[in-house]
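Trainee: Each chain, written out:
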Amino acid sequence: MSDVVLRIQDLAVTFATDSGEVPAVRGVDLEVRRGRVVALVGESGSGKSVTSLSVLGLLPTTARVTGTVELADDGALRDVVRTPEDQLVDLRGRVASMVFQEPMTALNPTMTLGDQIAEAVLNHERVTRAAARERAVELLRSVGLPEPERRAGQYPHELSGGQRQRVVIAIALACEPHLIVADEPTTALDVTVQAGILDLLRELVAQRDTALLLVTHNMGVVADIADEVAVMREGRIVEHGAAEQVLLAPEHPYTRALLDAVPAVPPASTVVGTVVGTVVGEPGPGLPAAGRAPDGPDEREVVLDLRGVSLDYRVQGRHVRAVEGLDLTVRAGEMLGLVGESGSGKSTAGRACLGLLTPTEGEVLLLGTSLGRARGRARRRLLADVGVVFQDPGASLDPRTPVGESVAEPLVIHGRDGRRLSAPERRARVRELLDAVRLPAGAERRYPHEFSGGQRQRIGLARALALRPRLLVADEPTSALDVSVQAEVLALLRDLHAELGFGCLFISHDLGVVHELTDRVAVLRAGRLVESGPTADVFAAPHDRYTAELLASVPTPDPAAQRARRAARQRLTAGAAR
Amino acid sequence: MTTAIPAQSATEVAVVPPTRVARGGFGRFLIRRVLQALAVILVVSVIVFALLHALPGGPARGVLGQQATAEQIAAFEAANGLDQPVVLQYLSFLGRSLTGDLGESYLLNQSVSDAIALRLPKTLLLTGLSLVVAVAIAVPAGVYQAVRRNRAVDYWLSTLAIVAYSTPTFFLGMLLILLLSQTAGLFPAAAPQGSGVAEVLAQPAGLVLPVLTGAVPIVATFSRYMRSATLDNLGEDYVRTARAKGTVYRRVVLRHVLRNSLTPVVAMLGYYLPVMFGGALVVEQLFNYPGMGLLFWSAAQSSDFPVLLGCVLVISVATVVGSLLADLVQALLDPRTRGSLR
Amino acid sequence: MTGLRRFAANRLAVVGAVALLLLVLFAVLGPLVHPTEQVTTDLGAANLPPGADGHPLGTDALGYDNLGRLMVAGRVSLLVGVLAGALATVVGTLWGAVAGYVGGVVDAVMMRVVDAGIAIPAIFLLLVLSTIVRPTVGMMIVVLGLVSWLVPARLIRAEALSVRTRDYVVAARAMGATHSRTVLSHVIPNTVGTVVVNATFQVADAILLVAYISFLGMGVQPPTTDWGAMLNDGISYIYQGAWWLILPPGLAIVIVVCALNFVGDGLRDVVDVRGRAA
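Chains as they are written, first to last, in this note's numbering: chain X, 1 to 578; chain W, 1001 to 1342; chain C, 2001 to 2278.
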């Protein structure tokens, strides 16, 4: 009883909107005990973030809260819902504190890091400013930032995303609270950085006997760190139990569906360059027949060929190299995964394939013809054989154009088989395409904002395939989607690929997705190709240490397997440090 | 605290966010911005030169006055190189302007630069005082509105700001004269006279109405800017972080939000300078305040072209320099640009 | 339809629209109801207070009926304001759209011209111009329009720059769409909202500017008049308490400019909502 740090009972939250009260959380009960890591998982709109914000009373003023949210404070339980704002201030940061999703914006850009941490101390303790500053330096050290004295005087923009998240964690730790609430703390970070932050959180919780309420959508993260899991859906907790039990033997059908939708993670290799020492992840599903290359030399036509492509972007007159000497080929009917972390140049390379950027060196060949040398009509005809799907389903469709017109746009621009299509022909083709991506009748007359993210992404796919392109460039097409929606879109993409046999350049940061979907993979780091080859081979036995670290950093939803992966990764990074 | 805490992965250090690199380089920013300002001043000089040639009878008539004969004009043109190609004429105009030679007023028995030098400080004083008063009102008002957004008080202050913005300065001045001077007799309706800034400052009562009249439109505009900048910042994630660590809301607003909201508003001040100088003209004319605006207005009444064009040139250069300074102050307020000074 | 409802939800915008309509009716149809002599002076009936002998708002120093004068002055103020605002919007939109879409050196040069134009305070430039050309109504429209296009140019350029980088425009270019197609079917439809909203504010500012010029005595010449000129004529009588010469034209300007600003805010709500829903 006495070790309960947070007890939520019958919590319900509704938001006042123009169209009336909208429920976000209904009847949630949850208890968090000292030293425990409780994960709250769910997809967008499940109410998990709202629940987490209610713990510190940080919900917006439009929220109406009923039920109780009690925090342990010196042995007594204090109900946050019934505590007025001027007393909540005393609880926040001292009894419980919070870590947020976006480290890039979570810190005040015009205040030094030291001052921001010291402020947390000064809010609750009667110490001198100098003492608070010293504490700040100590906290920076404890979250694993090198040179903490120098860091304390720096501003947020001088740090990377992962480093900033460490500073946010330092702020959360400042007054040694009993509970840290972390709302998607690693979602905005690259996998290798995510792994480091998760290690840090795990150590801190163990050391300080603090409880952690971790809100996440990522089952792998849950497996990596959580003791208990509560699964939320539409504002309710549908399943709650020990992590092993929920992840390995889920009882609720929704939990099962959610876990099934997670792409199978490739195995993690501890040894670079050989097959020895592979830690088993999960076997990937069989690839469709159209995908796998036959043994022997590949005879299929090369649809995309990058030869020594270098790309620069200009920053205030200075040229910065984004991609350096990149060689890639995509053959008809093949899916090539282009993977890398943020800043690796993978999207830049994708844009060059679409003719949106001109290489500084090297050339891009589409269907054997140089895109750079084609002009006017010839260039447009070449581009007619390329389709594109972007990451953000909200931004890639013109908000003022009905969906049918957007899908028809390539037909209007290029005609088909060298002739213009009549309006009825176009309508028929649009219908056919929307059927192919499983959108209901009448969709063509509606506007993008009337569709969900997954539907919009399918519309984007229909538009990309309107001219039966020979090459599809898909730039993180599912990164903005929930896993269950992602699974649908990927299944659709796989079916269409098998049916239409286009070559596909699939750009992604998600190794699980790439593992499930692609035949071959190319790994980019800081603009350079570090490794490429058949996906199965590269993922089973990476030749490059970076690829190995990347692979080992992807968390898998099986707690036992994840422990092994973590050990593998730590051995790798320790090797790198040596 | 001594237990080994996992350090960052090797890959993490390498990530430098490219967007911030773009902001970096204060030295570069400074050079680029100064060059831009010079380009703008050059274009301004071309416009003024073009106006000079658009005058009825051209610049010769402009200098010699309306009574000059055709022979006098021809002689003047030959003597001053006005029969030369336009480009050369422009260059010599530019050269003269750079050395401060803006010609002679027909009416004042004074060189244009002397006439301006005598009055510009007084205009800057009036505008500066209005600005200080306005900012002292607009900043707290905007922040207060943002904090109380969509409440009755915000609604009424916003409406009041639009009404104030929509009131022509001279009409506002007349109302103030009617109310505060005519009816209540609190302040004189005539502005202080005198040749120097010190003399003007010695008559503070007379300054009240002109300064107030000049300040109202600035308050109307800048309280809206301030409100929206504060609202933007209140929605930022760092505000939530600050609240989550137990910072009192008042301190969140004053210590975190205010500073970040002021930065874009400072840059807006630079853009707003031309409007302020335009306002000063009206205020000076209305209250008969002996500044550059009144000089300009009288020159317009009597077609004193050298004075008109000289004033336009000086006021425009002052505007360009002013907005340059505003941009530099903004850059210095932002550690993201300031940092790269080192 | 939802757009109209959005607009109606903003009460001030509706009040503004109604006020605007009433003022236009007042200026255009008012003289039919209250016909007055506005060309020939009548010094015998000068400076009459409101209510005197068929002059509900009194007369001015030249014996013109003040109410009737308010109507004909309103025609000039509104006409010059609307047409100058429209001219500024058209010129500014084209200039800004070209600069923003073409980019590079063209953009840099075009924007330095705009910067230079903005650096010269509009009132100063207008006063110089009014000493050079005779200020007729047509001339006022052209001159005001040519002085006021700079702000919309800057705004539309920023908008064009941002629309240009949106994914749907990039997608159109990747599809091989021509520049003209991209601009016509994606860039313009997505900036038109900003243009319309800004046009409203532009007209409001133009009406203010006309008033300033006329107040400074450099506007349209008698017997033509506008609200600003009425204020200029009335100011000499301020000390004799002739409030009826000052308040009506002054309030007319305040009301029409306020109304336009309210309507503009209402339109912005409509435009923003479409953008946000996407």
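Calculated directly from the structure, the hints in this document are not laboratory data. Here the structure is a predicted model, which means the values were calculated and not measured. Idealized CB from N, CA, C, for every residue including glycine. Check before you lean on any hint, since a few could be wrong.
To be verified - With the Cβ distance kept under 10 Å, some of the chain W side facing chain C (calculated, not the full set):
no.: 1; residue: 1046
no.: 2; residue: 1054
no.: 3; residue: 1172
no.: 4; residue: 1180
no.: 5; residue: 1184
no.: 6; residue: 1212
no.: 7; residue: 1254
no.: 8; residue: 1275
no.: 9; residue: 1280
no.: 10; residue: 1286
no.: 11; residue: 1317
To be verified - Quick list of the computed label-pair ranges, beta carbon to beta carbon:
no.: 12; chain 1: X; residue 1: 375; chain 2: W; residue 2: 1031; range: 35 to 41 Å
no.: 13; chain 1: W; residue 1: 1094; chain 2: C; residue 2: 2037; range: 49 to 55 Å
no.: 14; chain 1: X; residue 1: 298; chain 2: C; residue 2: 2189; range: 44 to 50 Å
no.: 15; chain 1: X; residue 1: 234; chain 2: C; residue 2: 2014; range: 47 to 53 Å
Trainee: Next step is simple, just say for each hint if it's right about the structure.
Mentor: A quick look at each hint next to the structure:
1. Interface restraint check: residue 1046 of chain W against chain C, minimum CB-CB distance 8 Å, threshold 10 Å, status holds.
2. Interface restraint check: residue 1054 of chain W against chain C, minimum CB-CB distance 6 Å, threshold 10 Å, status holds.
3. Restraint check, residue 1172 of chain W versus chain C: the minimum CB separation of about 9 Å is within 10 Å; hint holds.
4. Because the smallest distance between the Cβ of residue 1180 of chain W and any Cβ of chain C comes to about 13 Å, over 10 Å, the interface hint for this residue is violated.
5. The restraint placing residue 1184 of chain W at the interface with chain C is violated, with a minimum CB-CB distance near 14 Å, outside the 10 Å limit.
6. Among the interface hints, the one on residue 1212 of chain W is violated; its C-beta lies about 17 Å from the nearest C-beta in chain C, farther than the 10 Å criterion.
7. Checking residue 1254 of chain W against chain C: minimum C-beta separation of about 29 Å lies over 10 Å; hint violated.
8. Interface hint at residue 1275 of chain W: satisfied, since its Cβ lies 7 Å from the closest Cβ of chain C, which is below the 10 Å cut-off.
9. Given hint, residue 1280 of chain W at the interface with chain C, holds; its Cβ is 9 Å from that chain's nearest Cβ, closer than 10 Å.
10. With a least beta-carbon distance of about 8 Å to chain C, the hint placing residue 1286 of chain W at the interface is held under the 10 Å criterion.
11. Given the 10 Å rule on beta carbons, the hint for residue 1317 of chain W holds: about 8 Å separates it from the nearest Cβ of chain C.
12. Taking 35 to 41 Å as the suggested C-beta distance range, the pair residue 375 of chain X and residue 1031 of chain W conforms, at roughly 37 Å.
13. Taken as a hint, the range 49 to 55 Å holds for the pair residue 1094 of chain W and residue 2037 of chain C, whose Cβ atoms sit roughly 54 Å apart.
14. Judged by the Cβ atoms, the range 44 to 50 Å given for residue 298 of chain X and residue 2189 of chain C holds: they are separated by roughly 45 Å.
15. Taking 47 to 53 Å as the suggested C-beta distance range, the pair residue 234 of chain X and residue 2014 of chain C does not conform, at roughly 39 Å.
When held up to the earlier numbered hints, the structure conflicts with 4, 5, 6, 7 and 15 and fits the remainder.
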